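All chains should be built: construct the whole structure from the sequences, respecting the hints.
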Amino acid sequence: MEPVVQFDHVTKNYGSQVAVDDLNLSIEAGKFVTLLGPSGCGKSTSLRMLGGFEMPTSGRILLSGKDVTRVPPNKRNVNIVFQDYALFPHMNVAKNIAFGLELKGLDNKSIHRRVSELLELVQLQDYANRLPNELSGGQRQRVALMRALAPDPDVLLLDEPLSALDAKLRQQMQIELKAIQEKTGKTFMFVTHDQEEALTMSDTIVVMNNGRIEQMGDPSTLYGRPGSVFVANFIGETNLLRSTVLGAEGNLTALDWNGITIKADQGGLSPKAGEHLYVVLRPESIHCSATEPTSGNRIKGKIRQRVFKGNHTSLAVEVGDGAVLNTLVHPGDVAQLAGDDIWVGWKPETATVIPDRHAHR
Amino acid sequence: MRSLFSDAPRVTLTAIYWAFIFYLLLPLTLMMAMSFKDANFVAFPIGEWTLDWYAKVLQDKQFLEACLYSIMIAAATTLAATVLGVWIAMLIVAEGIKGQVIIFALACLPAVVPGMISAISLRIFISTIDMPTGTAAIILGHTVHAVPFVVVMALTRLRSMPGNLVDAARDLGADSFVAFLRVTLPYLGPALFGGMIFCVLLSIDDFVRTFFLGGYRPTLPMLIFAKVQGGMSPEINAMATLVLVVTAAVGLYAEYLTRRARTR
Amino acid sequence: MSVPKYSTGMAKVVNSSLYQHTLGAAVESRIGRIILLASVPLLWLIMLHVGPIYQMLKISLLSHYPVQPGVESHFTLANYAIFFQESIYFTPLIKSFIFATGATAFTLVVVYPVAYYVAKIVKPQGRSKALLLLLVPFWAGELIRTFSVIMLLANRGAVNVLLREIGLIDRPIPMLYTSFSLGFGLVYLICLYMLLPLYSAIEKIPSPLLDAAADLGAGPFTRFRRIILPLSRDGIVSGCSLVFLTCIGVFATPMLLGGPNTVLFPETISSFFHGASDKWPVGAAFALIMLVTALIAAAIFMRLVGGSKRRAI
Ligand SMILES: Nc1ncnc2c1ncn2[C@@H]1O[C@H](COP(=O)(O)OP(=O)(O)OP(=O)(O)O)[C@@H](O)[C@H]1O
Ligand SMILES: [Mg+2]
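Chains as they are written, first to last, in our numbering: chain A, 3 to 363; chain B, 19 to 282; chain C, 10 to 322.
Treat the hints as calculated values from the structure; they're not laboratory data. Treat the hints with care, since some could be wrong.
Claimed, not checked - Simulated crosslink set (SDA-like; lysine to any residue; CA at most 25 Å straight-line):
1) 79/B - 185/B
2) 132/C - 39/B
3) 213/C - 25/B
4) 116/B - 16/A
5) 129/C - 26/B
6) 68/A - 39/C
7) 138/C - 27/B
8) 349/A - 316/A
9) 68/A - 24/C
10) 116/B - 90/A
11) 138/C - 28/B
12) 304/A - 285/A
13) 21/C - 74/A
14) 116/B - 37/C
15) 213/C - 179/B
16) 132/C - 275/B
17) 138/C - 79/B
18) 116/B - 24/C
19) 213/C - 173/B
20) 138/C - 269/B
21) 77/A - 33/C
22) 14/C - 115/A
23) 21/C - 41/B
24) 129/C - 41/B
25) 14/C - 142/A
Said to hold, decoys possible - Part of the chain C face toward chain A, derived, beta carbon under 8 Å:
26) 12
27) 25
28) 85
Stated by the list, open to error - Covered stretches of chain C (chain B as the covering partner; in silico rule of three or more C-beta atoms under 8 Å from a C-beta of chain B):
29) 155-165
30) 251-262
Quick caveat: nothing in here was measured; it's all calculated off a predicted structure. C-beta: ideal position from N, C-alpha, C; glycine also.
Structural data, given as structure tokens:
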């Protein structure tokens with residue numbers, strides 16, 4: 003099937019600054035795609051180019067196979083949910099949602115039907131006549147969403163729409179947003195710098211850094227098999243173990259880390275002996291016990307720090323000379339770790355290797 | 019001890035404020051009071067109250083015609099100044115246009131040129147383009163006078179407008195013109211209405227431009243000027259009181275509107 | 010439930026081929042948008058904001074205008090020279106400056122405490138009411154306010170009547186048609202132009218700053234001189250410039266309140282435009298002299314007080 007959105011070698015410069023650098027991206031219809039990256043990496047710029055508010059310096063943008071690079075925003079079938087909602091302050095909720103429909107030339111009845119339908123979708127039927135400044139943050143958010151969905155766009159663009167909400171409401175809206183996406187079957191292109199948000203909602207996450215795509219994939223792949231140090235660090239908490247390859251053992255690789263021999267998944271690479279690599283080891287993959295585990299990687303260590311985090315306790319365990327592994331322990335297991343001397347262990351296939359970029363240069 | 023000290027300035031300032039209010043309101047209150055007096059001259063205390071002078075003024079054809087003429091000029095001025103002022107303000111905030119500072123300075127020029135000089139220069143100007151003195155010339159002069167105020171009011175409001183409102187309208191299918199009509203203009207709305215009323219008052223109040231640009235038909239200030247030159251009379255009191263009450267009511271309403279727009 | 014009314018008409022207009030081929034097409038192109046946006050404003054600004062001043066300048070350099078048949082008009086500087094030759098010409102300008110400067114200074118001193126009171130001493134809830142009370146006379150026009158001053162100061166005016174009534178005087182004190190009545194009237198006319206800039210400048214001074222100064226032992230006078238005055242400088246500059254420039258250009262008030270000894274420059278200028286005389290060039294030259302000197306005076310003042318270079322609008 004043809005992708006709805008295609009960025010074809012798109013570059014955007016502001017003067018000498020490169021905001022987006024040779025972006026190539028295809029998005030399938032009906033997917034919830036998230037652009038994730040640190041502040042200033044070019045997420046908003048990419049979105050605004052797709053919306054028609056910025057012209058790429060070079061490259062093409064295609065929408066449902068049609069080149070729209072030079073089409074003004076009002077002639078593109080995409081709609082944006084702005085970060086601060088940009089609701090029209092002088093129009094009530096219903097008029098806000100109807101704005102795009104009115105301009106499509108629909109008759110009064112059809113507009114009314116569609117507006118009612120959308121208000122029902124987010125349970126705001128009773129608020130149709132309120133002005134935006136008479137709504138709560140979450141309600142404004144929903145109205146902005148419905149206003150953008152009303153004209154039935156090919157793609158819905160959302161630029162950090164949840165960042166103005168408090169933590170609790172934010173989580174609730176994440177779930178609601180995902181539910182609406184599934185119910186409507188629309189393609190959502192969502193921008194955030196919050197990795198947790200991205201993991202919760204997305205079908206596909208596009209990790210961006212310095213105007214380029216760092217890695218693209220579904221959340222579990224990105225989390226479990228990050229393709230680069232940047233991605234591993236950016237998504238979730240992680241232990242990065244810089245190691246030297248000793249040799250392959252089937253799907254696994256044996257490596258030397260600070261004089262300790264460990265094994266890890268090859269992660270699609272074919273490492274050669276002597277090469278330097280990073281092993282990605284998530285804290286929750288590590289198992290702590292008072293006695294030595296019987297299989298897998300295992301190291302003896304000393305607990306240096308315990309931090310109680312509610313549903314788990316996080317431990318910093320010193321292994322070997324100065325190297326520290328971060329792990330987490332569930333409440334039930336804490337009791338048996340009274341002493342400072344413990345064993346940490348993990349199954350080799352839960353750790354994966356990623357190339358050390360610097361080693362290549 | 020300390021509070022006694024720090025209260026001294028407060029008490030003095032309060033006294034000054036009320037003394038100032040007294041000064042501001044005294045002449046006008048006096049004028050209004052005398053308009054109800056049953057005699058031809060100022061005297062205290064007002065013995066007999068009467069509305070005769072009002073009856074006389076309201077039957078004065080010259081006065082009524084001057085009122086109507088002034089209102090007509092004010093309406094035309096306001097319309098022209100609003101359209102031009104908003105247009106100029108839109109140009110000043112537009113992206114991708116150079117020289118905004120110069121355009122803004124030009125727009126404000128008539129506000130810093132003293133009234134007399136503005137009137138003279140306009141008198142000369144209309145004669146160089148062979149325009150006769152009269153209604154059209156007055157409206158032109160008043161509009162020049164009013165435009166800077168509309169520009170500044172519109173600019174203040176435009177600058178406080180979230181930039182992405184227009185983006186949102188464009189995104190939902192409006193071209194630049196429709197976005198202006200449906201989003202920018204309503205956003206300006208209340209502030210603009212306040213500005214329009216200000217234009218009305220500027221125009222109704224103007225004497226010097228009308229004096230040099232007008233024909234034989236007197237506007238309200240011209241009529242009052244002529245009557246005042248003729249000497250004091252309770253009829254002028256009544257006339258001035260009527261005008262004052264109406265303009266103050268309109269002015270207060272405008273003030274209320276701008277205030278409400280600001281808090282929105 | 011009733012169906013609300015949506016604006017469906019707009020789409021019909023926008024989608025009509027007439028719109029699509031005219032305005033619609035224009036706003037879609039960059040050039041079209043710029044032309045639509047800039048044409049009328051630039052035309053207006055150049056024609057009517059600059060045009061009159063330019064024409065005035067041009068005519069001030071002509072020997073005759075309006076040109077009568079049979080008379081040749083030529084370039085000359087004589088119109089400017091006249092000004093310096095006769096004291097009946099330059100004395101009014103000096104008087105204009107004296108009255109405007111005096112009125113400005115007096116207004117500043119009187120209005121400053123009032124503005125300070127409203128901005129800092131009145132509680133925020135009461136502020137708009139306190140301000141509104143000050144603004145009420147503002148809505149009475151120039152002529153009505155001038156007339157009310159006549160009512161007060163005339164020989165048969167309120168002050169004289171009252172003084173006679175209580176037996177302090179037996180013949181009226183002549184106050185109208187003197188420098189006093191003119192000064193009084195000017196101040197009455199313009200004091201509110203001073204109030205608003207001062208008020209907004211003083212209101213912006215953070216109150217904690219004053220409290221901090223008081224804590225450090227600064228008395229009211231020191232606080233005023235060292236903190237309030239410097240921080241309200243912008244307001245003083247724009248208020249004074251506004252009042253000064255307005256005062257200079259006032260025409261009706263001096264004619265009604267002044268006497269033979271208080272002829273101000275606007276009246277002098279105006280005399281060249283009466284009747285069908287061809288003295289316009291002299292009037293134009295005088296008006297320019299007044300404009301330039303007034304702007305220079307205002308600029309010097311701004312420099313001296315040294316606030317930011319914001320224009321007084
Ligand atoms: N109008 C502009 N003019 C100049 N530089 C710009 C402009 N807009 C963006 N940039 C620059 O381009 C880069 C990318 O900006 P962009 O807004 O796309 O970042 P972002 O990923 O959305 O960041 P954030 O998470 O902070 O919103 C930034 O370095 C920014 O400084
Ligand atoms: Mg952004």
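Check: Tell me, which hint numbers fail for this structure?
Finding: 1, 10, 17, 18, 23, 27, 28
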